[in-house]
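Enquirer: Read off the chains here:
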Amino acid sequence: MGSVGTSVLLVGTRKGVFTLTGDASRQGWTLSPPKFLGHIAQHVVLDPRNRRRLVAGVSTGHLGPTVFWSDDLGGTWTESTRPPAFRTGDELGRSLAAVFWLTPGHVDEPDVWYAGGSPQGLFRSEDGAVTWEPVDGWNDHPMWTTWAEWPEQNTPDGSMLHSVNIDPRDPAHLYLGLSAGGVFESTDGGADWHPINAGCAIAFLPETDAEPEFGHDPHCVRLHPTHPDRLYQQNHCGIYRMDRADARWVRIGDNMPRATGDIGFPIELHPRDPDTAWVFPMDGTDVWPRTSPDGLPAVYRTRDAGTSWTRCDDGLPAPAWYTVKRQAMTVDEEPSVGVYFGTTSGEIWASADEGDTWNCLASHLPEIYSLEHARPDPALQ
Amino acid sequence: MKVRIPTPLLSYTGEERTVEADGATVDDVLADLDRQFPGLRFRVVDEQGRLRRHMKVFVNDESTRDLSTAISEIDELTLMQALSGG
Numbered sequence: 006m007g008s009v010g011t012s013v014l015l016v017g018t019r020k021g022v023f024t025l026t027g028d029a030s031r032q033g034w035t036l037s038p039p040k041f042l043g044h045i046a047q048h049v050v051l052d053p054r055n056r057r058r059l060v061a062g063v064s065t066g067h068l069g070p071t072v073f074w075s076d077d078l079g080g081t082w083t084e085s086t087r088p089p090a091f092r093t094g095d096e097l098g099r100s101l102a103a104v105f106w107l108t109p110g111h112v113d114e115p116d117v118w119y120a121g122g123s124p125q126g127l128f129r130s131e132d133g134a135v136t137w138e139p140v141d142g143w144n145d146h147p148m149w150t151t152w153a154e155w156p157e158q159n160t161p162d163g164s165m166l167h168s169v170n171i172d173p174r175d176p177a178h179l180y181l182g183l184s185a186g187g188v189f190e191s192t193d194g195g196a197d198w199h200p201i202n203a204g205c206a207i208a209f210l211p212e213t214d215a216e217p218e219f220g221h222d223p224h225c226v227r228l229h230p231t232h233p234d235r236l237y238q239q240n241h242c243g244i245y246r247m248d249r250a251d252a253r254w255v256r257i258g259d260n261m262p263r264a265t266g267d268i269g270f271p272i273e274l275h276p277r278d279p280d281t282a283w284v285f286p287m288d289g290t291d292v293w294p295r296t297s298p299d300g301l302p303a304v305y306r307t308r309d310a311g312t313s314w315t316r317c318d319d320g321l322p323a324p325a326w327y328t329v330k331r332q333a334m335t336v337d338e339e340p341s342v343g344v345y346f347g348t349t350s351g352e353i354w355a356s357a358d359e360g361d362t363w364n365c366l367a368s369h370l371p372e373i374y375s376l377e378h379a380r381p382d383p384a385l386q
Numbered sequence: 098m099k100v101r102i103p104t105p106l107l108s109y110t111g112e113e114r115t116v117e118a119d120g121a122t123v124d125d126v127l128a129d130l131d132r133q134f135p136g137l138r139f140r141v142v143d144e145q146g147r148l149r150r151h152m153k154v155f156v157n158d159e160s161t162r163d164l165s166t167a168i169s170e171i172d173e174l175t176l177m178q179a180l181s182g183g
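As given, the protein sequences belong to chains A and B, one line each in that order.
Plus 5 on top of the position in the first sequence (first one is 1) and you've got the numbering used here.
Plus 97 on top of the position in the second sequence (first one is 1) and you've got the numbering used here.
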């Protein structure tokens with residue numbers, strides 16, 4: 006790490022952190038040696054506001070969770086002096102098992118970061134991830150024990166809080182996702198929250214006449230950066246879009262090929278076009294293999310807000326039996342948007358033409374948990 | 098007293114496998130270790146004061162998960178990682 010080109014992929018894996026540094030053409034990529042070898046790196050994110058501060062949520066099989074930050078793209082790391090944690094003496098006795106998700110704050114709050122945890126706590130830093138505090142409005146919300154999975158955690162790798170999204174027009178307008186629990190919104194900086202799940206299926210609970218307000222399982226929720234009244238989510242029960250004026254999720258996954266279905270973990274949005282998105286479907290039939298349907302990996306792309314989908318598999322292997330996790334897909338901001346995904350089998354695949362063709366950038370890595378595209382400060386190069 | 102440090106925590110102690118710390122209880126010793134090596138305690142003990150699931154503490158050759166266990170200058174504290182993972 007430390008060698009910096011124009012484009013960097015930050016790779017969080019079950020066994021440490023790697024970077025892939027790309028040249029300007031996005032054709033040549035150089036893989037770094039591992040950092041934090043043996044550590045479980047759930048999420049590694051570069052601050053897009055200063056393009057310098059790199060933050061990683063890590064733990065090990067033995068040690069508790071923590072956060073490290075680096076200002077030289079991983080050359081040297083410093084541990085947060087007060088990592089994310091529930092309050093000591095917490096009435097529910099909660100302790101954090103993993104820092105699962107990291108989101109840099111609003112551009113007007115340059116040192117703010119949010120972290121989502123397992124159990125499903127929300128934490129905030131106001132000093133660039135050096136120290137963290139619990140967001141009491143969420144963690145101690147009177148409905149938390151009803152909304153969150155607690156004390157039972159039914160999600161296979163532990164229940165998690167993810168998909169912290171911030172409205173670019175208003176730093177106090179926040180969204181988050183719970184697996185399981187649903188999508189929640191705050192309009193007052195996290196002091197109070199309410200569920201926004203109308204229209205989402207919840208196939209893992211008995212059918213009722215009333216539409217449940219919460220209890221859903223969003224796998225990944227994305228707010229469009231230039232059209233922030235539009236949200237997309239890849240849910241345990243389908244692919245959805247919400248235009249806020251409608252106040253209801255629309256199952257755009259119904260327009261996917263029936264044989265492929267609309268189950269998956271990640272969803273990624275075009276940085277400029279609110280009608281373009283990419284998903285990576287997985288097999289949600291039978292006992293839920295969570296591998297690509299029929300062992301034929303493919304990205305699906307919509308260019309019309311989910312009305313239709315195009316299969317994008319030119320260059321991808323077949324058969325192959327991997328999964329792409331919710332943080333393991335990312336896009337860049339080039340005129341022809343680059344799309345990237347990392348697999349549970351340790352491969353990184355890239356498309357420089359918005360999904361039309363695919364190339365393998367790296368293989369034989371540990372299981373990939375997260376993949377984030379970043380464009381570091383040129384002064385660091 | 099002497100405290101033996103397991104490999105996952107050597108990055109905190111500057112690779113020292115044995116360090117000196119003071120305290121009347123296991124928790125006191127862990128607090129002293131954290132003063133000397135900031136961040137170490139939270140990797141071993143969670144925010145509710147519970148020893149993390151895959152960590153072990155021995156006072157001499159006796160395992161304990163009770164951090165209020167009394168300890169004296171002539172004792173030796175050993176932090177160890179439990180069998181875990183894959």
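Source of the hints: derived by calculation from the structure; they are not laboratory data.
Built from N, CA and C at the ideal position, the CB exists for glycine as well.
Watch out, some of these pointers could steer you wrong.
What the hints assert, rightly or not - Label-pair ranges, simulated between beta-carbon atoms:
(1) A:Arg253 with B:Thr166: 56 to 64 angstroms
(2) A:Gln32 with B:Pro135: 38 to 46 angstroms
(3) B:Asp125 with A:Thr86: 19 to 27 angstroms
(4) A:Trp155 with B:Ala128: 23 to 31 angstroms
Enquirer: Hint by hint, say whether it matches the structure.
Expert: Results for each hint:
no.	hint	in the structure
1	A:Arg253 with B:Thr166: 56 to 64 angstroms	holds (57 angstroms)
2	A:Gln32 with B:Pro135: 38 to 46 angstroms	holds (44 angstroms)
3	B:Asp125 with A:Thr86: 19 to 27 angstroms	holds (21 angstroms)
4	A:Trp155 with B:Ala128: 23 to 31 angstroms	holds (29 angstroms)
No hint from the list above goes unmet by this structure.
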